[in-house]
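Enquirer: Hey, can you work out the whole structure from these sequences and the hints?
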Amino acid sequence: MKDPSPTERVRAWEETVTIQTYPAPAPDRNPMFLDKRVYQGSSGKVYPNPFTDHISDTKFDKPYRAIFLENEFIRIMILPEIGGRIHIGEDKTNNYDFFYRQNVIKPALVGLLGPWISGGVEFNWPQHHRPSTFMPVNHTIENHEDGSSTVWLSEHEPMNRMKGMVGITLHPGKSIIEAKAQLYNRTPFVQTFLWWANVAVEVHEQYQAFFPPDVAYVADHAKRAVSSFPVARNFYYGVDYTPGVDITWYKNIPVPTSYMILDSKYDFFGGYDHRRRAGLVHVADRHISPGKKLWTWGNAEFGYMWDRELTDSDGPYVELMAGVFTDNQPDFSWLQPHETRTFRQYWYPIQEIGPAKNANRLAAVNLEMEGRKLKVGVLTTAAVKQLRVIVTA
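Quick note, the sequence shown lines up with residues -1 to 391 if you use this note's numbering.
Honestly, the hints are just simulated from the structure, not real lab data.
It should be emphasised that the depicted structure is a prediction, and the values quoted were computed from it without experimental measurement.
Among these hints, one or two may not hold up.
Stated by the list, open to error - Derived pair list, reagent style DSS-like, types lysine-lysine, alpha-carbon separation capped at 27 Å: (1) 373 - 263; (2) 221 - 263; (3) 178 - 371; (4) 249 - 355; (5) 249 - 221; (6) 34 - 57; (7) 373 - 383; (8) 355 - 90; (9) 43 - 221; (10) 355 - 371; (11) 263 - 90; (12) 249 - 161; (13) 355 - 383; (14) 161 - 263; (15) 221 - 34; (16) 263 - 178; (17) 178 - 161; (18) 355 - 221; (19) 90 - 178.
Expert: Structure representation (structure tokens):
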């Protein structure tokens, strides 16, 4: 194999960054059990972990150790001190943040153990939201012979002490982010778990989520309610959509709402910013990762209140969540004693083509009819010298 030149290699490095931060005070010294609390549809008990029940209202400049991965197309920043989340995902070709970029660390009491922040990519396990979402993780950088680099993030999660790892890989010459997860039950007991990658994206009146074209219905948590999709025609989350409302648009959902697909034969979903003509695609093997979900605080005053609670000036966001071994929440899978589960998920930015109608790891495509005019958009995740697009009917 030919060794890649320095210009062909992915750059991977650590540096200290300073971010304005509202600190989370030390947790309460007295144990809290919360055994009867329902959290995200499952148990809210926390013992023997400490619990934080308040947040500071005063911010200051705080240094964080950050890990960067960068190639000619994209740049990402990971914060191992805050759960190992991907904090920044930037398309360098158009200066677009395809992940919601928080310019302040402003936790609210949303997490199982208290503090939680919005933005970026949060890897949730063994339940949602991740109990260690505001805790540091171990990390290391691997540089590979093909010029790619991987940042491994590892922890013994605080609930059952299982080992979880995710490797974030960037390849030279490709605009796609690869996440390789390894979940290991190091205990002699059967354990439950779920895994949802929680991707935040900045939204406004011209932002539209997209699911595969065969998705006709979406469901609430535990499938307590079902709505037609993309046009809702019934009551959903107490909102009257009977006139027919396109709920792919953030602007059309006034209350906090979740919807998860019920079935699809496709491996992708994502979101598109019509104002910036750019967006995001998630791709994963649907037989392992069938979960495709949108969550929003809602485009109304209650949602705006939560925007103010979680950021100073970065505005509203929605979450595009991708789940493995399930299509709904809370729906747990099992890890047998000493069993390991592995799987992969991928994200990449798109631009100019509009909401994708199909996508894989190589390309995203869109097809739209405007009267008798046919519009076709194609975006690839690597440079292609010769590309032929064939449309048949």
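Enquirer: Assess, step by step, whether the Cα of residue 249 is no farther than 27 Å from the Cα of residue 355, and give holds or violated.
Expert: 21 Å, holds
Enquirer: Under the criterion that the straight-line Cα-Cα distance not exceed 27 Å, is the pair residue 355, residue 383 satisfied?
Expert: With a Cα-Cα distance of about 23 Å, the restraint between residue 355 and residue 383 holds, given a limit of 27 Å.
Enquirer: Between residue 263 and residue 178, does the CA-CA distance stay at or below 27 Å?
Expert: Answer holds: residue 263 to residue 178 is near 22 Å, not above 27 Å.
Enquirer: Measure nothing beyond the straight line between the CA atoms of residue 221 and residue 263; if it is 27 Å or shorter, mark the hint as holding.
Expert: Satisfied, since the Cα-Cα distance of roughly 19 Å is no more than 27 Å.
Enquirer: Below or equal to 27 Å on CA atoms is what counts here, so check residue 263 against residue 90.
Expert: 32 Å, violated
Enquirer: Please verify whether residue 178 and residue 161 have alpha carbons no more than 27 Å apart.
Expert: Holds, because 14 Å separates the two Cα atoms, which is no more than 27 Å.
Enquirer: Between the alpha carbons of residue 355 and residue 371, is the straight-line distance 27 Å or under?
Expert: 17 Å, holds
Enquirer: Is residue 161 within 27 Å of residue 263, Cα to Cα?
Expert: 32 Å, violated
Enquirer: Does residue 34 sit within 27 Å of residue 221, going by the straight-line distance between their CA atoms?
Expert: 23 Å, holds
Enquirer: Checking one constraint from the list: CA of residue 373 to CA of residue 263, max 27 Å. Satisfied?
Expert: 24 Å, holds
Enquirer: For the pair we were handed, residue 43 and residue 221, check the Cα-Cα distance against 27 Å.
Expert: 24 Å, holds
Enquirer: For the pair we were handed, residue 249 and residue 161, check the Cα-Cα distance against 27 Å.
Expert: Violated, at roughly 40 Å.
Checked against the numbered hints given earlier, the structure breaks hints 3, 6, 11, 12, 14 and satisfies all the rest.
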